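Participant: Read off the chains here:
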Amino acid sequence: QSVLTQPPSASGTPGQRVTISCSGSSSNIGTNYVYWYQQLPGTAPKLLIYRNNQRPSGVPDRFSGSKSGTSASLAISGLRSEDEADYYCAAWDDSLSGWVFGGGTKLTVL
Amino acid sequence: EVPLVESGGGLVKPGGSLRLSCAASGFTFRNAWMSWVRQAPGKGLEWVGRIKSSSDGGTTDHAAPVKGRFTISREDSKNTLYLQMNSLKTEDTAVYYCTTNSGSDRYFDYWGQGTLVTVSS
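Chains as they are written, first to last, in the working numbering: chain A, 1 to 110; chain B, 111 to 231.
Hints may contain errors.
Unchecked claim - Simulated pairs of lysine-lysine, BS3-like, Cα-Cα distance not exceeding 25 Å:
#1 A:K46 - A:K106
#2 A:K106 - B:K153
#3 B:K123 - B:K177
#4 B:K153 - A:K46
#5 A:K46 - B:K162
Hints in this document: simulated from the structure, not taken from any laboratory.
Note that the structure is a prediction, hence the values are computed from the model and not measured.
Required output: the full structure, derived from the provided sequences and hints.
Facilitator: In structure tokens form, the structure reads like this:
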């Protein structure tokens, strides 16, 4: 069971906006930054959002992140078929003195 | 261009040992903090541990499930990160990724392509 909680699945149609939630606690999300990773089928994870809402260069502005209290969200607007992937949230946990991940959300583009 | 290439994975029996390597290029390895992250088949991501840069002391942190069995080390002269895995268990079966830890908050930035470790009798 993962320390951070994500819904196992999400879906949307092309052009739609979808959000993926990530719930934690005061020792991780409540105190530290949240990061999001995209894992396309058969590939390594890729950094999508860092420090709650920052996009690395090359990541489209269709992807955005937010954080409030002990929860965070990833929003994808203008959904495209190539967005079909697994998405993971991550944060440092002060109590565990280590990095923790969500269980991952499989996004399906219908 | 992926600057991290893992190697050393394979099939090993429970109780056995294996050493993974991660060859780095395209950045100043000696200044980088590095981590190992694993992913069991069909499962999510799990942090294994990290090593600080030599200039920051080169100390290591290991996650609870592997503490005392796995050891992370580095050889800056060869731009290489290692993961020594001893007393392997079937639940250690996973793809193992090496990653760079960037920024003051040391988040996972670049990832290698991963190497598969299968622990089975």
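Participant: Against the 25 Å threshold, does the CA-CA distance of B:K123 and B:K177 hold or violate the hint?
Facilitator: Cα-Cα ~19 Å, so holds.
Participant: Does A:K106 lie within 25 Å of A:K46 when you go C-alpha to C-alpha?
Facilitator: holds (15 Å)
Participant: Check the hint pairing A:K106 with B:K153 against an upper bound of 25 Å on the C-alpha distance.
Facilitator: Holds: A:K106 and B:K153 sit about 11 Å apart, inside 25 Å.
Participant: Against the 25 Å threshold, does the CA-CA distance of B:K153 and A:K46 hold or violate the hint?
Facilitator: Judged against 25 Å, a Cα distance of about 16 Å means the pair holds.
Participant: Does B:K162 lie within 25 Å of A:K46 when you go C-alpha to C-alpha?
Facilitator: Holds, at about 22 Å.
Checked against the numbered hints listed earlier, the structure breaks none of them; every hint is satisfied.
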